[in-house]
Amino acid sequence: MPASLCFAIAGPVGPQEVAASLAALGPVAVDEARRVIRRHLDTFDWALWRSGGRLTVERDGNRRRLLWQPAGDGPPRAFRLTGEVRFAADLPAGTLRREVAAAAGRRALLPVGETAVQRTLVRVLDREGKTLVRVPIEDVQPMRGGAPAGPERRRLLVEPLTGYARAGHRAADVLAATLVLAVDGGDELADAVVAAGRVPGDYSSKVAVRLTPGEPAERAVRRVLARLLRTLVANVEGTVQDLDTEFLHDLRVATRRTRTCLGQLEGVLPAERVAPFAGEFRWLGDATTPCRDLDVFLLDLDARRVSRQGAGGAALDPLVARLQADRETARAELAAALASERFHALVRRWGRLLGRRAPGGEDGSRPIGAVAGERVVRAYRRLARHGLALGPGAPVAAMHRLRIDGKKLRYLLEFFASLWDAEETAALVRELKLVQDALGDYHDAWLQRELVVGLGDEILAAGGRAAALLAMGELAADLERRQRARVETFFARFETFAGAPTRARLERLVGHRGGE
Amino acid sequence: MRVVAVWSIKGGVGKTAAAVNLAFFAAAAGLRTLLWDLDPQGAATFYYRVKAKVKGGGRRLLKRSAELQLLVRGTDIENLDLLPADFSYRRLDLDLDARKQPQRRLALKLAPLADEYDVVFLDCPPSVSLASESVLRAADALLVPVIPTTLSLRGLAQVRSFATKRGRRDLLVLPFLSMVDRRKTMHRDAIGLCAADEGFLRAAIPAASIVEKMGVHRAPLPAYAPFSEPARAFAALWSELDARLFGRR
Chain V
230 MPASLCFAIA
240 GPVGPQEVAA
250 SLAALGPVAV
260 DEARRVIRRH
270 LDTFDWALWR
280 SGGRLTVERD
290 GNRRRLLWQP
300 AGDGPPRAFR
310 LTGEVRFAAD
320 LPAGTLRREV
330 AAAAGRRALL
340 PVGETAVQRT
350 LVRVLDREGK
360 TLVRVPIEDV
370 QPMRGGAPAG
380 PERRRLLVEP
390 LTGYARAGHR
400 AADVLAATLV
410 LAVDGGDELA
420 DAVVAAGRVP
430 GDYSSKVAVR
440 LTPGEPAERA
450 VRRVLARLLR
460 TLVANVEGTV
470 QDLDTEFLHD
480 LRVATRRTRT
490 CLGQLEGVLP
500 AERVAPFAGE
510 FRWLGDATTP
520 CRDLDVFLLD
530 LDARRVSRQG
540 AGGAALDPLV
550 ARLQADRETA
560 RAELAAALAS
570 ERFHALVRRW
580 GRLLGRRAPG
590 GEDGSRPIGA
600 VAGERVVRAY
610 RRLARHGLAL
620 GPGAPVAAMH
630 RLRIDGKKLR
640 YLLEFFASLW
650 DAEETAALVR
660 ELKLVQDALG
670 DYHDAWLQRE
680 LVVGLGDEIL
690 AAGGRAAALL
700 AMGELAADLE
710 RRQRARVETF
720 FARFETFAGA
730 PTRARLERLV
740 GHRGGE
Chain R
42 MRVVAVWSIK
52 GGVGKTAAAV
62 NLAFFAAAAG
72 LRTLLWDLDP
82 QGAATFYYRV
92 KAKVKGGGRR
102 LLKRSAELQL
112 LVRGTDIENL
122 DLLPADFSYR
132 RLDLDLDARK
142 QPQRRLALKL
152 APLADEYDVV
162 FLDCPPSVSL
172 ASESVLRAAD
182 ALLVPVIPTT
192 LSLRGLAQVR
202 SFATKRGRRD
212 LLVLPFLSMV
222 DRRKTMHRDA
232 IGLCAADEGF
242 LRAAIPAASI
252 VEKMGVHRAP
262 LPAYAPFSEP
272 ARAFAALWSE
282 LDARLFGRR
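Residue numbers (this note's numbering), protein chains in the order written: chain V, 230 to 745; chain R, 42 to 290.
You may find that some hints are simply not true.
Stated by the list, open to error - Under the rule of at most 20 Å between Cα atoms (straight-line distance), these lysine to aspartate or glutamate pairs were calculated in the DMTMM-like manner:
1. LYS51(R) <-> ASP222(R)
2. LYS662(V) <-> ASP634(V)
3. LYS435(V) <-> GLU652(V)
4. LYS254(R) <-> GLU357(V)
5. LYS662(V) <-> ASP673(V)
6. LYS359(V) <-> GLU174(R)
7. LYS435(V) <-> GLU466(V)
8. LYS206(R) <-> GLU174(R)
9. LYS359(V) <-> GLU261(V)
10. LYS94(R) <-> GLU108(R)
11. LYS94(R) <-> ASP355(V)
12. LYS435(V) <-> GLU643(V)
13. LYS359(V) <-> GLU119(R)
14. LYS92(R) <-> GLU357(V)
15. LYS92(R) <-> ASP355(V)
16. LYS662(V) <-> GLU570(V)
17. LYS254(R) <-> GLU270(R)
18. LYS150(R) <-> ASP134(R)
19. LYS94(R) <-> GLU357(V)
20. LYS662(V) <-> GLU736(V)
21. LYS92(R) <-> GLU108(R)
22. LYS150(R) <-> ASP117(R)
23. LYS96(R) <-> GLU108(R)
24. LYS96(R) <-> GLU261(V)
As the list claims (entries may be wrong) - Just some of the chain R residues that point at chain V, by a computed CB distance under 8 Å:
25. GLY71
26. LEU72
27. ARG73
28. ARG114
29. ASP117
What the hints assert, rightly or not - Stretches of chain V that chain R covers, calculated by requiring three or more beta carbons in the stretch to come under 8 Å of a beta carbon on chain R:
30. 313 to 327
31. 390 to 399
32. 613 to 622
Keep in mind the hints are simulated off the structure, nothing from the lab. Where is the CB? At the ideal position from N, CA and C, for every residue including glycine.
Extracted from the complex, chain V is given alone in its bound form (with noise of 0.2 Å):
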């Protein structure tokens, strides 16, 4: 792929000063000049963005092209559009959908800025008449509700065509020579974000909030909440429409972050103020469990009709359709708990009392950096204690509250990351995080085996037939395969992350040695 160039246009250069400067080249063809709107696509958590990928529709009259400008300095691709994109797994198979699905993983390619662009391309030739160098003249206008905002940018590119790199670096320097040019350091993506009101980049599920470690433990601690209230906000428009699962996940994970936060730091917020809101969080996280767990499901069955290639996917086309049904009931109860008076004041209530400066617990005026690194060899000696107690023919239910003790202490080493050293709180993160793998997908692997299994006769009772139940006891024998394979996982895992060379790192991370 050969780079291409781009230029402000800062005088009264059209495409016919253009064309008149690169006749020196030889022939110049000067095409119609088109308008038209190019709508830009990210993910809600600006995946493309981040990844130094553009993707935009352009609509030119009733035809529609998809670019694709992948990382890097090359022209962008383009493909010609008939349905609908709203996934990745949407786009024609090949490079784009490879590329763009790296970036965006399941997450909804959504509206983010729209352009409208006065486009003339000027062709420089070879005497066959072939294409050697591409120059399109764009005239480029951020727009919001279909009228213009903010100001226009002129630019030009110089665009050389696979083996004629030689051509286009002749015209390009031919066009800097000739004509008023400087070189466009502007960026379409930002303009048209910034005319619709967002900034690129303006959200992040990640905790990251930057704290000294001699901030009052009150203080760091109410920011830390008011971030994670403004995360669960953030998603409740997307959950509430269904735009992608991942909406709720981090509705879900701002929800449980902020009751750790609650539970894990008491004594830092007035007992008295926080008391009843750990209620109404516990409320609206059970709210999301139903949806969630069915997301899950859903999402492996099709990962793993993926990995079969269809092979005996359709068997369990029965079970799918149940569990999209109860999804979308789950659903719309969720939607209903989120419209809700209730909902609405929480978040009203918990944002005012955010908001305002008032005396904290007993542990409030302490510095966070003792507090914190306190709660954290805490949280890990609790862990460690409750995991080395069990062995492999633990309950599930055990297990499951080791997972939650396991989310605690990760999302303290999150909240307060900005406090220690960022590669080794990383790194610590990321034992802790293949230790809590296996210990999820064991838990989901259980709770999905109990679904089928429950939804035997259901099925059966409905019209499945023998073929439908055939391929659910495989699932129900798959499910408990794995459940067993990842209890194995998890214990040979945790022996390593309980252990003293662990805690020890631990302790030295965050200043502050436990007792036996």
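On the provided structure of chain V, position chain R as indicated by the hints.
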């Protein structure tokens, strides 16, 4: 990356027209597409207005150190690149014979392009030779244009037998009807025979002078006659091929 060889033992059956137009539709569908013109006549290269010249000729191109990427030329169609023909390809058999592992040579040359392209079309000269064996080894699918005549059908049987004998049972052999003239009784009879052959793709390309005008326009058919019957037939052929190559899209 999927490699499609458009190949027939018989000449003048519409191989180049198929390769040129299917490459156009693949590119328009959003696939990064490469058309490799292996025919020393260089018709596909001519249609896309690229110079039929490969630096160092076929002999140099087959060297292990020669990078195919440096020889690729972008066409006027977005997403479509072309590896031009060279008159020296008439000696491709001899050049291959002078190399180690001649049957694997084309596959080896294509391997570094796997991340660059989604689909590669090989426009092959009509023959059964060492070059054909190398093509057979490199290809995931063999697209065989068949004129509805006895000789063409016999040619198809030879292609199938050739593929089987070379141990490529996994190779998709995809014949399709080409240059069909329904006014001819013989064509109509042969169409009936082909319809019973489940291996045939359903789209049939009609014989039409507008296809021959690719040489006048020096462009693929959909670029100058997008609504013509043969252009629609090539579009239908691409849809079938797409489904066979990539499954669900």
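Do the hints match the structure? See the list:
| no. | hint | verdict |
| --- | --- | --- |
| 1 | LYS51(R) <-> ASP222(R) | 18 Å, holds |
| 2 | LYS662(V) <-> ASP634(V) | 12 Å, holds |
| 3 | LYS435(V) <-> GLU652(V) | 16 Å, holds |
| 4 | LYS254(R) <-> GLU357(V) | 17 Å, holds |
| 5 | LYS662(V) <-> ASP673(V) | 16 Å, holds |
| 6 | LYS359(V) <-> GLU174(R) | 34 Å, violated |
| 7 | LYS435(V) <-> GLU466(V) | 19 Å, holds |
| 8 | LYS206(R) <-> GLU174(R) | 11 Å, holds |
| 9 | LYS359(V) <-> GLU261(V) | 18 Å, holds |
| 10 | LYS94(R) <-> GLU108(R) | 15 Å, holds |
| 11 | LYS94(R) <-> ASP355(V) | 15 Å, holds |
| 12 | LYS435(V) <-> GLU643(V) | 8 Å, holds |
| 13 | LYS359(V) <-> GLU119(R) | 13 Å, holds |
| 14 | LYS92(R) <-> GLU357(V) | 9 Å, holds |
| 15 | LYS92(R) <-> ASP355(V) | 10 Å, holds |
| 16 | LYS662(V) <-> GLU570(V) | 36 Å, violated |
| 17 | LYS254(R) <-> GLU270(R) | 14 Å, holds |
| 18 | LYS150(R) <-> ASP134(R) | 16 Å, holds |
| 19 | LYS94(R) <-> GLU357(V) | 14 Å, holds |
| 20 | LYS662(V) <-> GLU736(V) | 18 Å, holds |
| 21 | LYS92(R) <-> GLU108(R) | 18 Å, holds |
| 22 | LYS150(R) <-> ASP117(R) | 25 Å, violated |
| 23 | LYS96(R) <-> GLU108(R) | 11 Å, holds |
| 24 | LYS96(R) <-> GLU261(V) | 36 Å, violated |
| 25 | GLY71 | 3 Å, holds |
| 26 | LEU72 | 5 Å, holds |
| 27 | ARG73 | 5 Å, holds |
| 28 | ARG114 | 4 Å, holds |
| 29 | ASP117 | 5 Å, holds |
| 30 | 313 to 327 | holds (count 6) |
| 31 | 390 to 399 | holds (count 4) |
| 32 | 613 to 622 | violated (count 0) |
Checked against the numbered hints above, the structure breaks hints 6, 16, 22, 24 and 32 and satisfies the rest.
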